[in-house]
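Number of protein chains: 2
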Amino acid sequence: MQRYFVAKEQMTKHEVVITGEDVKHISRVMRMNINDEIICSNNESRTVKCVITRLADQEIVAKIVQEITPNTELPIEVTIAQGLPKGDKLDLIIQKGTELGASAFIPFSASRSIVKWDRKKAGKKIERLEKIAKEAAEQSYRERIPVVHQVLALPKLLKEMATFDRVIIAYEESAKEGEHAQLARVLNELSPGQKLLCIIGPEGGLSEEEVNQLKQAGAIPCGFGPRILRTETAALYALAVSSYHFELMR
Amino acid sequence: MQRYFVAKEQMTKHEVVITGEDVKHISRVMRMNINDEIICSNNESRTVKCVITRLADQEIVAKIVQEITPNTELPIEVTIAQGLPKGDKLDLIIQKGTELGASAFIPFSASRSIVKWDRKKAGKKIERLEKIAKEAAEQSYRERIPVVHQVLALPKLLKEMATFDRVIIAYEESAKEGEHAQLARVLNELSPGQKLLCIIGPEGGLSEEEVNQLKQAGAIPCGFGPRILRTETAALYALAVSSYHFELMR
Chain D
1 MQRYFVAKEQ MTKHEVVITG EDVKHISRVM RMNINDEIIC SNNESRTVKC
51 VITRLADQEI VAKIVQEITP NTELPIEVTI AQGLPKGDKL DLIIQKGTEL
101 GASAFIPFSA SRSIVKWDRK KAGKKIERLE KIAKEAAEQS YRERIPVVHQ
151 VLALPKLLKE MATFDRVIIA YEESAKEGEH AQLARVLNEL SPGQKLLCII
201 GPEGGLSEEE VNQLKQAGAI PCGFGPRILR TETAALYALA VSSYHFELMR
Chain B
1 MQRYFVAKEQ MTKHEVVITG EDVKHISRVM RMNINDEIIC SNNESRTVKC
51 VITRLADQEI VAKIVQEITP NTELPIEVTI AQGLPKGDKL DLIIQKGTEL
101 GASAFIPFSA SRSIVKWDRK KAGKKIERLE KIAKEAAEQS YRERIPVVHQ
151 VLALPKLLKE MATFDRVIIA YEESAKEGEH AQLARVLNEL SPGQKLLCII
201 GPEGGLSEEE VNQLKQAGAI PCGFGPRILR TETAALYALA VSSYHFELMR
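Line order of the protein sequences matches chains D and B. According to our numbering, the residues represented by the first sequence are 1 to 250, in order. According to our numbering, the residues represented by the second sequence are 1 to 250, in order.
Source of the hints: derived by calculation from the structure; they are not laboratory data. Don't take each hint at face value.
Stated by the list, open to error - Lysine to aspartate or glutamate pairs mimicking DMTMM-like chemistry, simulated, CA-CA at most 25 angstroms apart:
#1 B:Lys8 to B:Glu59
#2 B:Lys134 to B:Glu73
#3 D:Lys176 to B:Glu135
#4 D:Lys176 to B:Glu44
#5 D:Lys89 to B:Asp88
#6 B:Lys134 to D:Glu203
#7 D:Lys159 to D:Glu130
#8 D:Lys89 to B:Glu130
#9 B:Lys159 to B:Glu189
#10 D:Lys121 to D:Glu160
#11 D:Lys116 to D:Glu130
#12 B:Lys215 to B:Glu173
#13 D:Lys156 to D:Glu209
#14 D:Lys131 to B:Glu203
#15 B:Lys86 to D:Glu135
#16 B:Lys134 to D:Glu173
#17 B:Lys176 to D:Glu67
#18 B:Lys176 to D:Glu73
#19 B:Lys134 to B:Glu15
#20 B:Lys176 to D:Glu143
#21 B:Lys89 to D:Glu130
#22 D:Lys131 to B:Asp88
Given these sequences and hints, build the entire structure.
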């Protein structure tokens, strides 16, 4: 059944009012009609099944017929801090990362990031990424849309670290040296409800200085297996593995 | 250091002869010269460090200076049988799947595959996918290039199943029903050196009949977490999780 996220105020006790681009999606793309069923989430852990009762050009109204508990959120909150990668890789990371259960994404400008976001365009870019996250969250039956943060510089990212229970760095050198115990150890130390920050460098990796600063602030370098992963693959590895550890192994 | 795969006969006891497109890559893209070092693999578990001794238009010769044991292959052999997906998703699956350690890929035409490969173009398409696999294997420091098989129909895939130690199906309905123990159980039953086949449907999933036929032939439906993954994400999940289970957890 098709799923849509709506703002909290659009979902009342008995009905959901859908506005904006989803109206077009429901009436023109899905060609739905009165009495068709959809599922709506208010992005704050309320998910309902409802039946369309009114279709207009600007607004669709649907009557709530059932409260649902999808239980599709990862037991730990994983935030991906991604060194700005080239081209449209951030799109891929956010789309796939959302499917795999990420809570939030923090793009950051690393010393080896070739791409620089100019301030004027940043707003539009974040909007575009938020749209990708929303669509992927709907498609994968998520209860919440991951948050896409503004691009941070490293000093701000270092400050953010304090709000997490554990911070790891996907570290190529760890992979090369055969380090293979840290990631499983960190996941074993975390309990459901806790917050993990996973920091991933851009193409070319983090600089030694960046790694040292992060380590001094408490981040733990981890190998993600012995193969060298592209930057966009590392985020997906961390999330798939968190799902396996917390959702399938117990 | 840059890595290249060469045919077995191109690597003798003391030297490596590089031909074909890699010649252009070494001399024009990387702008390497006499005395520069590269790493070569013969795709049969011999990997060597060598020094370029001769650069010509058609051929580069390099002297072997060191035998290397990269040890970057997944302890179990994972083959991804992928229902033909739309667009260029197979490119992504093969690129990322190679980074994550897949042994082989078997594209198959599922009843809900919208794409049909015509025979005339299949050869070229497989060649293109093999090139993606080779480049991803070089980039990720693999010792072997995963094999990309010809597209199979389901009856042939069913026959192939006998050559594997375990066969799993990434099954959306399992995810929806909250099944979460099978994948970890299957991985626990496998030992290093054994072979796992992971069957993934195209967009829209496998039909009930296909799942029944696969189950009758011994395949085990597995949930990959409670979220609904796109077809291309399922392959990456299976591989990341196999790496975690066999490379990081022990």
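Here's how the hints hold up against the structure:
1. B:Lys8 to B:Glu59: At roughly 16 angstroms apart (the allowed maximum being 25 angstroms), glutamate 59 of chain B and lysine 8 of chain B satisfy the hint.
2. B:Lys134 to B:Glu73: holds (14 angstroms)
3. D:Lys176 to B:Glu135: holds (19 angstroms)
4. D:Lys176 to B:Glu44: Distance ~21 angstroms between lysine 176 of chain D and glutamate 44 of chain B Cα, so the pair holds.
5. D:Lys89 to B:Asp88: OK: lysine 89 of chain D and aspartate 88 of chain B at ~15 angstroms, within 25 angstroms.
6. B:Lys134 to D:Glu203: holds (19 angstroms)
7. D:Lys159 to D:Glu130: Between lysine 159 of chain D and glutamate 130 of chain D the Cα gap is close to 24 angstroms, so the pair holds against 25 angstroms.
8. D:Lys89 to B:Glu130: holds (22 angstroms)
9. B:Lys159 to B:Glu189: Satisfied, since the Cα-Cα distance of roughly 22 angstroms is no more than 25 angstroms.
10. D:Lys121 to D:Glu160: holds (24 angstroms)
11. D:Lys116 to D:Glu130: Holds, at roughly 19 angstroms.
12. B:Lys215 to B:Glu173: OK: lysine 215 of chain B and glutamate 173 of chain B at ~14 angstroms, within 25 angstroms.
13. D:Lys156 to D:Glu209: Answer holds: lysine 156 of chain D to glutamate 209 of chain D is near 16 angstroms, not above 25 angstroms.
14. D:Lys131 to B:Glu203: holds (21 angstroms)
15. B:Lys86 to D:Glu135: holds (18 angstroms)
16. B:Lys134 to D:Glu173: Judged against 25 angstroms, a Cα distance of about 23 angstroms means the pair holds.
17. B:Lys176 to D:Glu67: holds (17 angstroms)
18. B:Lys176 to D:Glu73: holds (13 angstroms)
19. B:Lys134 to B:Glu15: Status holds; Cα separation ~21 angstroms.
20. B:Lys176 to D:Glu143: OK: lysine 176 of chain B and glutamate 143 of chain D at ~14 angstroms, within 25 angstroms.
21. B:Lys89 to D:Glu130: holds (22 angstroms)
22. D:Lys131 to B:Asp88: It holds: about 22 angstroms lies between the C-alpha atoms, which stays within 25 angstroms.
Consistency note: the structure conflicts with none of the earlier hints.
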